[in-house]
Amino acid sequence: MYPDDLRYTSKHEWVRSPGEAEGSVRIGITHFAQEQLGDIVYVQLPAVGDELTADDVCGELESTKSVSELYAPVSGTVVARNDDLDASPEQVNAEPYGAGWMIEMIPSDESALEGLLTAADYRAQVEG
Amino acid sequence: MTDATLARTPLHERHEALGAKFAEFGGWSMPLQYSGVVDEHTAVRERVGLFDVSHLGKASVTGPGAREFVNSCLSNDLDKIGPGQAQYTLCCDESGGVVDDLIIYLRADDDLLLVPNAANNAEVVRRLAAEAPAGVDVRDQHREFAVMAIQGPRSERTVAAAGLPTEHPYMSFVEADFDGVSVTVCRTGYTGERGYELVVPWDAATAVWDALLRAGESDGIAACGLGARDTLRTDMGYPLHGQDLSLEISPLQGRSSWAVGWSKERFWGRAALLAEKEAGPARRLRGIRALGRGIPRPGMTVTVDSDPVGTVTSGTFSPTLRQGVGLALLPPEVTEGSEVAVQIRNRTESFEVVRPPFVQAGSAESA
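Same order as they appear, the protein sequences are chains F and Y. When we follow our numbering, the leftmost residue of the first sequence carries the number 4, and every step to the right adds one. When we follow our numbering, the leftmost residue of the second sequence carries the number 11, and every step to the right adds one.
Think of the hints as simulated: they come from the structure by calculation, not from any bench. There's no promise every hint is true.
As the list claims (entries may be wrong) - Derived coverage of chain Y by chain F (criterion: at least 3 residues anywhere in the stretch with Cβ under 8 Å from a Cβ of chain F; other residues may be distant):
| # | segment |
| --- | --- |
| 1 | 37-50 |
| 2 | 302-310 |
| 3 | 316-330 |
The structure displayed is predicted, hence computed values, not measured ones. No residue lacks a Cβ here, since even glycine has one placed at the ideal position from N, Cα and C.
Use the sequences and the hints to build the structure in full.
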């Protein structure tokens, strides 16, 4: 449920390096986060070109019962967003690490990834 | 979620075994969802869903004159129904505010069962008991009965397959025998679909629950939580006490004046409500439907030309419409067809003011 090849944040995002776009990382929310939220019905993502600062709110996820925010795991520039989620936000529930990905960013400092949680760290946080 | 101070229904272990997520409702630990709100909502619109709503209050009013006494307190006109029928009514205070909305089961002129909301049962009982004449007994039976709702186009087949009566008219009830215990089967509900609500002795709850799930299996029955109950009732624009009706929101404001027996000589809040009716309510509960992708939530501000004019009292994403819908208290001049805006955190979303229901009840195809 928490793939070993991803990095994680304490706010329940995952980061995959590399992403599809040249030099990017791909970002989504974890299995734990989607399960806590329940049926996701609306996803608001930043636009391509937006400059994000680590830990800042950059989007919004709304389920039938609650709203939660998406945080930038690292600082950098948005180079892709998953437009499919506009019409099919339920993909986040179905495949949080696959079709439910959210954005790709080019980190301003690649070494920032090293500061993120490993799968083992994250598992300890949500299962601990 | 397993807070020891919360009351549990007799079906709690059944919910745990089905993998329910729990939430607190009126002091009770209740299933919020099982497979997911959208799935469960769709099951009720297209097939059949089973809800445990045992957190609902139960109280009896018995003795000679019980019916007359209740009719002199609660808002609706009990003379419009006879024994074997149920009625939606309001318990108001003297200022016209709504203490609770509830269903009355008129079993006989000297025997009424009241089903208030979980959080308000004790208060309704207290107010009635304080004014009951000699010989009329008001008794809190909150933990003596479980309540289950079976809702959806295939609910009739499910209830019949469980060996219970189904053919009585809407808002009427029948006492039936289920393996030696008496079960009240009422044609009521809070979803807009055809459905039944069963009042079952506490100790028989698990047997009835299991029988209903078995009976509905071939019709695709789903256990449904209170999350789906909320999206289903919001689709219909049904008010929820504590959000759309309250001590601050009168029946005239809250789309519920149809549940007031205006020609009655006595009921709690009569003078205040007649005065408000005469003057015209200062605000009215109306439906709002998103023109874009906004989802309204209780407490959000409604604006017209950037001026705050009202407040959202209920709101959700309608799984049926795949769109944000809600109820909002608006000035009388903001009528159906108007366009308003709702402040949704950092953005402003457009909504159309409409007359609920948002969804045509029972219109979904029975696949």
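Problem set entry | Ascending list of hint numbers which this structure does not respect | none
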